[in-house]
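K.L.:
The primary structure of each chain is shown beneath.
Protein chains: 2
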Amino acid sequence: MHGKLLLSGVAVVLGAGYGAAVFAQAKPDVLVKQRQAGMTMIGKYWGPIGGMASGKTPYNAERVARNAPILEVLSKLPWDGFVETTKDVKSKARPEVWSDNAKFKTAADRMQKAVAQLAKVSTGDEATVKSALSEVGKTCGGCHDDFREKSR
Amino acid sequence: MHGKLLLSGVAVVLGAGYGAAVFAQAKPDVLVKQRQAGMTMIGKYWGPIGGMASGKTPYNAERVARNAPILEVLSKLPWDGFVETTKDVKSKARPEVWSDNAKFKTAADRMQKAVAQLAKVSTGDEATVKSALSEVGKTCGGCHDDFREKSR
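Taken in order, these protein sequences are the chains called D and R.
With the first letter of the first sequence counted as 1, position 68 gets the number 92 in the working numbering; the numbers rise by one all the way through.
With the first letter of the second sequence counted as 1, position 12 gets the number 36 in the working numbering; the numbers rise by one all the way through.
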């Protein structure tokens, strides 16, 4: 049972999904720290390219081509940290992550699919890349709007 | 010049190396936060498999096969945050990171190579995987011994 749980845990990490009971054995504060670290890393590689769709950041094809595959991996990593045992740990996660968990999972899946699509077209033409960037941006913002506290 | 700097920055991220001047434009505290997040993520995926070589953790082939490719990507990400502008930001990085920078880079390269080797053999037989795990562990520990403060 122990081994089975752990195994299904890592499977979820690589899958598109979100694993509720995956790291239930890890301490809640560790889970929160790890999922926040995952988001920080996504920010590191999304930050320099996220503004290209709107023109806020000058378009740079090489940067997209380098960052997108990294983001594809990173996009899968934070979700198994959003387990219900972490509910009472101070973070910017809103209670809706758990009270409306199906919607949260759908939003997380949508983001991963949009990032996978970006990675797929990341060496393509500018219009296609910009469209994919724009889609990713929407999935980030949409989920943050619903499930993340606004205040810093 | 601006674009060039950024471009070389992301190139380093995917290369085996460590890029001193890469994110010189980013704020030192952001760089520290990002490199610490990178290390936290490495810990997340290394933790469940790191003890398998010594037998501290029961051997689990599937877990190695899942975590190793993620670690291969993660192993490349913290290094561009160790720029000299971050010297005075509170962290566990010892001054030797900069005063003996060539040695630090060598240690970081060694870790990345050991993790790449682990990923390469990660679906192989137990003895080979354990040997690769052991090598990775040595490169983590060796670098932490020399370049990271002991106290928590």
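These are computed hints drawn from the structure, not numbers from a lab.
As the structure is a prediction and not an experimental result, all values here were calculated from the model.
No residue lacks a Cβ here, since even glycine has one placed at the ideal position from N, Cα and C.
Heads up, a few of these hints could be off.
Claimed, not checked - In silico BS3-like pairs for lysine-lysine, Cα to Cα no more than 30 Å straight-line:
1) LYS127/R - LYS51/D
2) LYS174/D - LYS144/R
3) LYS162/D - LYS57/R
4) LYS116/R - LYS51/D
5) LYS144/D - LYS80/R
6) LYS114/D - LYS114/R
7) LYS154/R - LYS57/D
8) LYS51/D - LYS129/R
9) LYS137/R - LYS116/D
10) LYS137/R - LYS111/D
11) LYS57/R - LYS137/D
12) LYS116/R - LYS57/D
13) LYS51/R - LYS57/D
14) LYS129/D - LYS51/R
15) LYS114/D - LYS57/R
16) LYS51/R - LYS162/D
17) LYS137/R - LYS129/D
18) LYS57/R - LYS129/D
19) LYS80/D - LYS116/R
20) LYS154/R - LYS127/R
21) LYS51/R - LYS114/D
22) LYS116/R - LYS116/D
23) LYS114/D - LYS144/R
24) LYS51/D - LYS114/R
Claimed, not checked - Ranges of calculated distance between the beta carbons of each label pair, as one might list FRET restraints:
25) ASP170/R - LYS116/D: 19 to 27 Å
26) THR81/D - GLY75/R: 24 to 32 Å
27) GLU86/R - ASP133/D: 17 to 25 Å
28) ASP169/R - LYS114/D: 28 to 36 Å
29) LYS80/R - THR147/D: 41 to 49 Å
30) THR109/D - ASN125/R: 23 to 31 Å
31) GLU173/D - VAL113/R: 24 to 32 Å
32) ASP53/D - LYS127/R: 33 to 41 Å
33) GLY75/D - GLY165/R: 25 to 33 Å
What the hints assert, rightly or not - Cβ-to-Cβ under 10 Å is the rule here; a few derived chain D residues that face chain R:
34) ALA50
35) LYS57
36) GLN58
37) MET63
38) GLY71
39) GLY74
40) PRO93
K.L.:
If a hint holds in the structure, say so; if it does not, say that too.
P.N.:
Results for each hint:
no.	hint	verdict
1	LYS127/R - LYS51/D	35 Å, violated
2	LYS174/D - LYS144/R	42 Å, violated
3	LYS162/D - LYS57/R	25 Å, holds
4	LYS116/R - LYS51/D	23 Å, holds
5	LYS144/D - LYS80/R	40 Å, violated
6	LYS114/D - LYS114/R	23 Å, holds
7	LYS154/R - LYS57/D	28 Å, holds
8	LYS51/D - LYS129/R	33 Å, violated
9	LYS137/R - LYS116/D	36 Å, violated
10	LYS137/R - LYS111/D	38 Å, violated
11	LYS57/R - LYS137/D	27 Å, holds
12	LYS116/R - LYS57/D	17 Å, holds
13	LYS51/R - LYS57/D	22 Å, holds
14	LYS129/D - LYS51/R	33 Å, violated
15	LYS114/D - LYS57/R	18 Å, holds
16	LYS51/R - LYS162/D	26 Å, holds
17	LYS137/R - LYS129/D	35 Å, violated
18	LYS57/R - LYS129/D	27 Å, holds
19	LYS80/D - LYS116/R	35 Å, violated
20	LYS154/R - LYS127/R	27 Å, holds
21	LYS51/R - LYS114/D	26 Å, holds
22	LYS116/R - LYS116/D	26 Å, holds
23	LYS114/D - LYS144/R	39 Å, violated
24	LYS51/D - LYS114/R	26 Å, holds
25	ASP170/R - LYS116/D: 19 to 27 Å	36 Å, violated
26	THR81/D - GLY75/R: 24 to 32 Å	43 Å, violated
27	GLU86/R - ASP133/D: 17 to 25 Å	23 Å, holds
28	ASP169/R - LYS114/D: 28 to 36 Å	33 Å, holds
29	LYS80/R - THR147/D: 41 to 49 Å	43 Å, holds
30	THR109/D - ASN125/R: 23 to 31 Å	42 Å, violated
31	GLU173/D - VAL113/R: 24 to 32 Å	26 Å, holds
32	ASP53/D - LYS127/R: 33 to 41 Å	34 Å, holds
33	GLY75/D - GLY165/R: 25 to 33 Å	40 Å, violated
34	ALA50	9 Å, holds
35	LYS57	6 Å, holds
36	GLN58	5 Å, holds
37	MET63	8 Å, holds
38	GLY71	9 Å, holds
39	GLY74	14 Å, violated
40	PRO93	8 Å, holds
Hint check: violations occur at hints 1, 2, 5, 8, 9, 10, 14, 17, 19, 23, 25, 26, 30, 33 and 39; the rest are consistent with the structure.
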